[in-house]
Structure formats: C-alpha cells, structure tokens
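This is what each chain is made of:
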Amino acid sequence: GENVEQHPSTLSVQEGDSAVIKCTYSDSASNYFPWYKQELGKRPQLIIDIRSNVGEKKDQRIAVTLNKTAKHFSLHITETQPEDSAVYFCAAIVSGGYNKLIFGAGTRLAVHP
Amino acid sequence: NAGVTQTPKFQVLKTGQSMTLQCAQDMNHEYMSWYRQDPGMGLRLIHYSVGAGITDQGEVPNGYNVSRSTTEDFPLRLLSAAPSQTSVYFCASSRETGNTEAFFGQGTRLTVV
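Just so you know, the sequences run in chain order A and B. For what it's worth, this note's numbering labels the leading residue of the first sequence as 1, then goes sequentially. For what it's worth, this note's numbering labels the leading residue of the second sequence as 1001, then goes sequentially.
Calculated directly from the structure, the hints in this document are not laboratory data. The reader is advised that the hints may include incorrect statements.
Coverage of chain A stretches by chain B, computed from C-beta distances (three or more under 8 Å per stretch; other residues unrestricted) [to be verified]:
#, segment
1, 21-34
2, 44-50
3, 56-67
All of these numbers come straight from a predicted model, not from anything done at the bench. For each residue, glycine too, the CB sits at the ideal point set by N, CA and C.
My request is simple: use the sequences and hints to build the entire structure.
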C-alpha cells in the first residue's frame, strides 16, 4: 500500500521544550522525505527534507532523522517557540507508475508560553 | 514570479453541479498535483501530472477529472458535486517528479450543499 503513518496527531509542549514527530512509510523504494508546516489558514510550506543517502539533517532548531531499515523518519524541534505552533506534515515519495508524493495525516503542535 | 495560483478561493456548489478549479504555475515545473485536505486526514492526493499530456490517479481520484494540455495549467474538474467533496483543495507544483520541494497554491475552500 501507499501508506505514510504519522504520530502523534496532537502534541502540546511548553515553550523551550523539544518536540518530536514520527512517521513510518511502507514503500521500501521511497528515497525522499520532506516535512511541511502549515499555519492556520495558510498553505503548507517545506521546512526541511532528507534523502535516503543520509541519516540526519539539521537546520538551526529543526532536524530530521531517517532509518531506512526500519522505514521511519522523525522531525525534531528544539527550544520550541510559540511561533512553532502549526500543523506539521511528513511525506514520502512512493513509486508504482510515476513517483507520487504521499502525506501523513498531520500533527497539530501547540507551544504554550 | 506569482508561483502557484489557484482560483477561486471560495466556492459553494449545489449537489450535482459541475465546476472546474483552476491552477496555474509560472515556474516551468513539470510536476503538478491536486490534494484535498480534510480535518484529521492530512493531504490526500487526488490526481497528478508529470508533464504536459501525462496524468495519473492518486489516492482518492473518484469524482474528479484532470487534464494537462500545457506545462502551466492543471485544472481539476468535478463532474457532479457531492457533499463528500466538501473540502479544501490545494494545487502544488515541483521542478522534478515529486522528489523536490512542492510549492502549494493558496487553496480553494469548496462547500457542496
């Protein structure tokens, strides 16, 4: 199947804490794993992505890790701030015909001051 | 560059009516796609295109048609609207076949009564 599972569906943290969102995928041929942030009423925007030839990628307070053997990848946000509050989506490329970008169900992150 | 432009932003249809959601991009992207966003279900792929003249079905294609006569435009047609098609629709484009950053339009909020 073309599944991307994402957990948790909601996450509430205190400002300054870390937040971790996890995703699993089923297509062993998947080689591209982006993360998108969607603020309320806005369009999704890419915040970080990782390809299958690396295990970890960092960009300031955001990092993504990939375990291809276990077919899971995670988003890590450190020192969370109220402006990090949003819905976060993981995604994976699945094959079968042409490549398709399939999204997880999303995680609603709330950062409380 | 305007990026990805969707029209209309809001639409109310009666059950059984037909309509076309417009999507245009000015980035010369080959890959375009349509997603619907429903609460708790993330972004689900409806149809996608890897270039002019080439389209394929996504996860939830029933009730929708697409065509890609030019690189710039990728309209989504609802042939006979149903209340189950009430959703927010996003068009997206990317430079390569799904495995580079997807740029989203601002979305169309469709209500079918």
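Against the structure, the hints come out as follows:
no.: 1; hint: 21-34; verdict: holds (count 3)
no.: 2; hint: 44-50; verdict: holds (count 4)
no.: 3; hint: 56-67; verdict: violated (count 0)
The earlier numbered hint that this structure contradicts is number 3, and it is the only one.
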